[in-house]
Amino acid sequence: MTTTSLRKLIAGSSIALGLTGFGSAAIAQEQTQDDGPIRVGILHSLSGTMAISESTLKDEMLMLIDKQNEAGGLLGRQLEPVVMDPASDWSLYAEQARDMLTGDDHVDVIFGNWTSASRKAVLPVVEELNGLLFYPVQYEGEESSENIFYTGAAPNQQAIPAVDYLMSQGVERWALLGTDYVYPRTTNKILEAYLKANGVAGDDIMINYTPFGFSDWQSIVSQVKDFGSQGRKTAVVSTINGDANVPFYNELANQGISASDIPVVAFSVGEQELTGIDTAPLVGHMAAWNYFMSVDSDANYDFIDDWVAYTGNDEAVTNDPMEAHYIGFNMWAQAVKKAGTTDVDAVKDSIIGVTVPNLSGGASTMMPNHHITKPVMIGEIQDDGQFSVVWQTPTTVAGDAWSDYLPDSKNLISDWRAPLRCGKLDVESMTCEDGPGAE
Amino acid sequence: MTKIQHSTGRFLTRLLMHSVLLCLLMAWGLSVSQTAAAAVSDAQSRALLEALDTRSFQAKGDAAQAIAESDAEQKTRWLQALLDGRLGKERRGERFYIVTDDSGREWPIIDAITFEDAGTGTRRTVEVFKINNDLRTRIQGLLASLSLSAGNETSRLAAAERLVGEVTADNADSVRAMRDDEESQSVRGQLDVALALYDVQQGDIDALETLRGNLDTRVRNTLTPIAAGDSELAAEAQSVLGGIESKRAWYDRAQTLFFGLSAGSILVLAAIGLAITFGVMGVINMAHGELIMIGAYTTWMIQQALPGQPGLALALAIPGGFLVAGAFGVVIERTVIRFLKGRPLETLLATFGLSLILQQLVRSVFSPLNRRVTSPDWLQGAWQINEALSLTLNRLAVLLFCLVVFAGLWALMRYTRLGLEVRAVTQNRAMARAMGVRATRVDMLTFGLGAGVAGLAGVALSQLTNVGPNLGQGYIVDSFLVVVFGGVGNLWGTLVAGMSLGVINQVLQPWVGAVLAKIIVLVGVILFIQKRPQGIFAPKGRTS
Chain A
1 MTTTSLRKLI AGSSIALGLT GFGSAAIAQE QTQDDGPIRV GILHSLSGTM AISESTLKDE
61 MLMLIDKQNE AGGLLGRQLE PVVMDPASDW SLYAEQARDM LTGDDHVDVI FGNWTSASRK
121 AVLPVVEELN GLLFYPVQYE GEESSENIFY TGAAPNQQAI PAVDYLMSQG VERWALLGTD
181 YVYPRTTNKI LEAYLKANGV AGDDIMINYT PFGFSDWQSI VSQVKDFGSQ GRKTAVVSTI
241 NGDANVPFYN ELANQGISAS DIPVVAFSVG EQELTGIDTA PLVGHMAAWN YFMSVDSDAN
301 YDFIDDWVAY TGNDEAVTND PMEAHYIGFN MWAQAVKKAG TTDVDAVKDS IIGVTVPNLS
361 GGASTMMPNH HITKPVMIGE IQDDGQFSVV WQTPTTVAGD AWSDYLPDSK NLISDWRAPL
421 RCGKLDVESM TCEDGPGAE
Chain B
440 MTKIQHSTGR FLTRLLMHSV LLCLLMAWGL SVSQTAAAAV SDAQSRALLE ALDTRSFQAK
500 GDAAQAIAES DAEQKTRWLQ ALLDGRLGKE RRGERFYIVT DDSGREWPII DAITFEDAGT
560 GTRRTVEVFK INNDLRTRIQ GLLASLSLSA GNETSRLAAA ERLVGEVTAD NADSVRAMRD
620 DEESQSVRGQ LDVALALYDV QQGDIDALET LRGNLDTRVR NTLTPIAAGD SELAAEAQSV
680 LGGIESKRAW YDRAQTLFFG LSAGSILVLA AIGLAITFGV MGVINMAHGE LIMIGAYTTW
740 MIQQALPGQP GLALALAIPG GFLVAGAFGV VIERTVIRFL KGRPLETLLA TFGLSLILQQ
800 LVRSVFSPLN RRVTSPDWLQ GAWQINEALS LTLNRLAVLL FCLVVFAGLW ALMRYTRLGL
860 EVRAVTQNRA MARAMGVRAT RVDMLTFGLG AGVAGLAGVA LSQLTNVGPN LGQGYIVDSF
920 LVVVFGGVGN LWGTLVAGMS LGVINQVLQP WVGAVLAKII VLVGVILFIQ KRPQGIFAPK
980 GRTS
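Line order of the protein sequences matches chains A and B. Its first residue numbered 1, the first sequence is counted upward by one per residue in the working numbering. Its first residue numbered 440, the second sequence is counted upward by one per residue in the working numbering.
Next comes chain B alone, as it looks inside the complex (with noise of 0.2 Å):
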């Protein structure tokens, strides 16, 4: 039974899309001898939404083409409602309505017929039409064979972008006349692989000259069978379909590179403050993943003060985040870890403990749920380089955000009296402060610092995941993992170390799935440390 039920199905699919390609067609050419059209009565408009009041979503489908067919002024806006969720029908009546705003409990509606203001609606009383996957496909097509009327170049590719393998006998001649007038470059190109797709499965070899390098999977489907025979054109598309898989493959390693950079990004990161408090002070900080969560909750907060406004206060959210961090960071310094200097086994103990009291105080302040942080438009999405390799925005940006605070702290170390005490205090304590560094002070903005950076990467980890009470347990340990391995009191080897776990784990992922990934690293590292202790880049010089 389900076998008939699935082959049904298909079939329905493909013939819900030839009928949307044909409609196209038929818009495409018609576009330009549509005459105003006459406005339709009340009535008719009344008949034409009472067909969509029908739970089969076949017979909904049908409707809204007759509606997209009919000379209704209000056919756009209609079909924009259905395909939005927002027509309905009065549930004891027969008027029918527009929610205009559908994001509380009561909704403002309007008379969809005259799109006069009608009060407010509920659940209660508006039943709104409903729509599947099917059928917003379908009606998007009509929406699109709508405003083709207005032959913007967009919708053209977009619509020339459907055609290529839907290309048959039936419109394979107006598409050739369409693709003849048609200006645009882009557009024409589109069309002249849907055609030469169309010619290759007629048995013309020439035509493959066209699909060769072309990354679009649908080309490559379509030329997969015809490559399984052993004519003359079989082994030219063998050829073609070749090139094609050997292009594909360099894509995926750049992508694949990419993602461990990526992921590797974070770990840095999240790493780069322990590294500092860590790596150069010695002082074991549990709670370093709840100045991490910090980070992100301070983003959060500076993000309900800005409604509306998600690019601003996340660029507020940069100093925000390292601020508040860091003034944490000052007061657990000056409070708890001042007093156990020397004593590691306490350190830890003490700081685990801050680091549950920190989880706690954030649970009783904001709730145990977890708050959304809105990304900006511009960090949605991905940069479409081709059909192969596309660049998640949000990931780039924390990459680059890694490397700019990476440059950021190395100079600060590198160039400024901070840095200079710093590393004067870590060489040697005591011959620092005969030279008159202040030790006690040094080590509390060195915390500070610390803290501050982790307070930035929960910033960039607020685009990236969940911000809630536990965000920074996650991070922890594989920040002590990454410092370690990198060598402790080195910040290149943190920055060496992150990115190289980030892509071998990457690397290992399609191969092996997420949990054995994480395990073969960690027992690799392991082993590494194991081989050599001091970690990928030794403290250069005697360490005292």
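So that you can see chain A by itself, here it is in the shape it has in the complex (with noise of 0.2 Å):
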């Protein structure tokens, strides 16, 4: 061996020394910061209008958050939740997401929102911020951020497969009653577009939009009702929203529609709504979700049992967002356990092809576009407030977050994987509007 590479060694050795103590010295620094617990988000509103759908799954997150930490925590730390009320006020939601990512509080992921609304106003927060946010609603979809996860229905796990069902029930007339806002506005085109596509003629759809929290439907119903007695089947496919719901069906029930005469799909009305009505005269009317507290599977009933157990209420219901929260934050923990960090990018990249058990006794896969494989399900509503699953798609079925019935999305499609990392890309020309690949 000669001098001078014995020197070289010595050298080399010596750098590798230097930045082994460098690395072991950063990662100590690092790891007295992690000592802390990990911090969860949840902005839900726990006051104001959105309180009756909300409330509860901030209880439902801090039940899985009690149940994790009995578990261990994760990563051997403890986790702690930071809990806001929006008070059902969009802009409040932006603001409390910021001091969610910034300050002492200093969240590592955000579970929250159930408005649209809400949605869009935390979108820009989370984009600077570079925080986590999993929603937990069925939206209207057309829309992808590096950010969000969306675990509920996009439409297409939700409208189409039902209008899918009505069709096959032999329905040739629609009427599309919804509440005044994006959510229903984009799902009915959407939908109005896929009938076309179908062969509805222009006539045999009607379209409806009523304020929030409207209460007034008599003539709507009685114009629904005439639209319906024209000799060929007609269903209504509901995208009413929250409290509105609950004089529409005692309207629907008075004026003697039944599910036989006009059945009537909904997709913001689940076991929760229920609890407010009377459903005797309702027996047979319809929703179309990704799960029903009725489901059959252990893995649903042991929930249940839990549920029951936490808010000591033995009639507790259970719903579809609560399940998306159950299905998000398992997939949360799995990533975080996978990166072994709670890094934000770190979790970004990990959480993709994150796959975790659902409560309908399958599982759930998170897709490169930020939304998950669901299997959609129509239930019939019974007399105790439940619903009865009449059917079920074979498979689960991945959520589209760009529809291909609207003429502007169709070729978009979205994947946050590198090196693509693009949110809206044009598969045709190939070209990605919004995204780190886009620069």
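Hints listed in this document are in silico derivations from the structure and should not be mistaken for laboratory results. Be a bit skeptical, because a hint or two may be false.
What the hints assert, rightly or not - Here are the in silico distance ranges between beta carbons for each label pair:
hint, chain 1, residue 1, chain 2, residue 2, range
1, B, Ala850, A, Pro211, 34 to 42 Å
2, A, Asp180, B, Tyr690, 29 to 37 Å
3, B, Glu529, A, Leu420, 19 to 27 Å
4, A, Gly340, B, Leu795, 46 to 54 Å
5, B, Pro758, A, Pro211, 55 to 63 Å
6, A, Asp434, B, Ile959, 50 to 58 Å
7, A, Asp343, B, Ile959, 37 to 45 Å
8, A, Ser297, B, Arg516, 24 to 32 Å
9, A, Leu75, B, Ala486, 56 to 64 Å
10, B, Leu779, A, Leu75, 36 to 44 Å
11, A, Asp345, B, Leu795, 38 to 46 Å
12, A, Arg185, B, Glu785, 39 to 47 Å
13, A, Asp434, B, Glu529, 52 to 60 Å
14, A, Ala117, B, Leu779, 30 to 38 Å
What the hints assert, rightly or not - Which chain B residues stay away from chain A? Per the calculated CB distances, all over 10 Å, these:
hint, residue
15, Ser480
16, Asn610
17, Gly668
18, Ile705
Every residue, glycine too, gets a C-beta built ideally from N, C-alpha and C.
Take the two lone chains, each set in its own frame, and fit them into one complex as the hints suggest.
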């Protein structure tokens, strides 16, 4: 061995040692920072109009966090919930998301939002501050964000299969009723295009929008009754939101419209909403979801037992957005384990492809477009306020961020994996319109 | 692919309909000749129920049909349980159960074959047989045909009504025979319509006479294609159809008028309390909506205290809602409004703050979730005047209630001492005080009265809409609109304004949709107020 090579060796090893030393110092430093609890932000309205739907999701998240802590936490650290109340005020959602991601709280992940309006308000904040948001509610699609994971249904996981089912039941005329905001309007636009593509004439489609909290349904229901009495099988596709549903269904019952005359299939009515209604006159009306409380699986029964025990209410119901949070939370936990850190960029990469059991006995996978695979089910309302599943897709369906039935978005896809990393890729021209892949 | 599914679906539905109808007819004919059936063995019963354990709704329907045609004594109970979603099978076993009460999480169950008590079951242990809409219709048909052997008039009438538009060459003769044997006038009339419709389809012009003026939509739908031709029959059918259409149009107008008056009555109820506090006293009370909400919550609380008696609870809620909301009103007047007399801007802000406090109070005490107020049976459903016109009972009741409240209030203002003092204080406070009227006491009582009437509105609204913390917010703007439009300080103005806004809104709604109808009404009222600031009814005489 020559002196030069020896010198090289020493130099090299000292550099290596130095590097290792530096590395271990850095790791040590990170560890001290990481020793504290992992902070999980919960951004659901606990007051205002949306409290009726969102406050149960907050309780569910607290339950899931409790359970995870009992099982030893994550990466050997405990989870700590950070709860805020945006009071059904869309701009407050954005402000509180900013508070969560900066300052003392500095959460590692946010579970939250219900309405599309609140999600649209939070979106620029989580993108700017590089946060993680799990959004648990069915929505209108036509959106893809690098920082948001959509665990609720996209239109192709709820609306389109529901319409397919009704077509197979012989429905020829369609009344699309919705509350006047972005989700019903976009969904109905997609449905109208889809129905027309399937040969339904424009005259056989009736579209009607009503304001939030609408309660004076008499003339609209009578209009639907008239529309449905033309001798051909008619169905109502309802995107009516929130508490406007109770007076709507009461009016249906009072005017004597039963499910065998004109069935109603709803996209925003679940077990929670039915707790305020006497369901005996509504038996047979339908809802399309990816989960029902009556789903027959041991995972579901265990979940219901946990939930009843946690709330201490024997009558407590579970619903689809709760399942979405259950899936989302478990996916995030698994991605954190896989990445070995709660670092947002690492989790964003590791979560794609993660598969966790859902509550209907199968499994859901996170797709590269930040949507998940879910089975689609049609349930009919029973007199005890539950749904009975009458139809189900044979396999799970992957959520599609950009609808194939709208001319503006039919060529678009979203894929957040490297090297593409693009939320809005035109497959015809292969140009990326949104995301890091655009540069 | 969808196309094919589509037409098969239709075909299946038709087929189902026909088999049910055929069954009905058979039962009708056989009802007398049916002898006491010999009971079937347990093994046979088991086999009958076993057939229901399938995923295919078509196969389940066939199994139900087999049960209906069998000699099993339990068949009516089985079919009823299947219809109610209470017939099931042991998940890991071979026994069949009927769930006797499925309200809780632990269900009491009985053996489906012996009807012996079988302890309790849960969703984990008992798998209930599912049915869908088509199957439900089919089972209802089967049960109807089983009950036909009892032969009561209601079920015969129901069966006859189902026959309209469903008479074919296969069953025409038996229907005709049935019609001749039928004793009941109404069933006979319904069978006549069914037969006439069939005869018209076969080209019989004379049969059209029976159908003249019939409002059944199935008659209209069957005649429409027939009238499209250019034969003599088509021309005659055209004229019958024209008659039907114009008759329907009149009933439609009557219905729209009813819708309008009922929507108007809600506006009047909500606004009339405000007409007293704002119109007569001049207090801008932004918490008026929350007083309505308090009335609605009182109804709910009385109903909680009297489980199983929604009718009695509602009757008690009328004085209850009035007193509770009135008491809140008196407290608000004594603690806040009294000190802000003559300072409208501060009153507005203070009462607005009060409305937020009351909302949050309700949220904290009763939870943010909506509360369910059940309607008594006599307020559910509709009064079916004929095929084209029906009035929903809850709306009709609210309309009558509104008129009664209005009449009561008007009489109170017109004929009682309190009414006289209120009018005196409003017209000239100083003079009234000089005459010995205790103005502050009158203020308190007037505000309490307005609040109490708002509570009555809450009782009525609990039958129509959600009872929740936000109930009042939806009505505050409308209430001010009605009072201003009607003319401040005039009860008649409030009545006329509320009713006319309701009717205009309901006339516009089918044309332009609910959102635009509301905008048009709002713009219309603004323009009207520009032209005539004193509203429809101007206060007479001098005002100070």
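Hints versus structure:
1. B/Ala850 <-> A/Pro211: 34 to 42 Å: holds (37 Å)
2. A/Asp180 <-> B/Tyr690: 29 to 37 Å: holds (30 Å)
3. B/Glu529 <-> A/Leu420: 19 to 27 Å: violated (53 Å)
4. A/Gly340 <-> B/Leu795: 46 to 54 Å: Given range 46 to 54 Å: holds, Cβ gap about 48 Å.
5. B/Pro758 <-> A/Pro211: 55 to 63 Å: violated (34 Å)
6. A/Asp434 <-> B/Ile959: 50 to 58 Å: violated (40 Å)
7. A/Asp343 <-> B/Ile959: 37 to 45 Å: The hint (37 to 45 Å, Cβ to Cβ) is violated, given that A/Asp343 and B/Ile959 are roughly 55 Å apart.
8. A/Ser297 <-> B/Arg516: 24 to 32 Å: holds (30 Å)
9. A/Leu75 <-> B/Ala486: 56 to 64 Å: With a Cβ separation near 58 Å, A/Leu75 and B/Ala486 satisfy 56 to 64 Å, so the hint holds.
10. B/Leu779 <-> A/Leu75: 36 to 44 Å: This hint is violated: roughly 60 Å between Cβ atoms.
11. A/Asp345 <-> B/Leu795: 38 to 46 Å: Holds - the Cβ-Cβ distance for A/Asp345 and B/Leu795, about 43 Å, lies within 38 to 46 Å.
12. A/Arg185 <-> B/Glu785: 39 to 47 Å: With Cβ atoms ~42 Å apart, the hint holds.
13. A/Asp434 <-> B/Glu529: 52 to 60 Å: holds (55 Å)
14. A/Ala117 <-> B/Leu779: 30 to 38 Å: Given a distance of about 37 Å, which is inside 30 to 38 Å, the answer is holds.
15. Ser480: holds (31 Å)
16. Asn610: holds (20 Å)
17. Gly668: holds (18 Å)
18. Ile705: The assertion about B/Ile705 is violated, with a minimum of 8 Å to chain A.
In summary, the numbered hints that this structure violates are 3, 5, 6, 7, 10 and 18.
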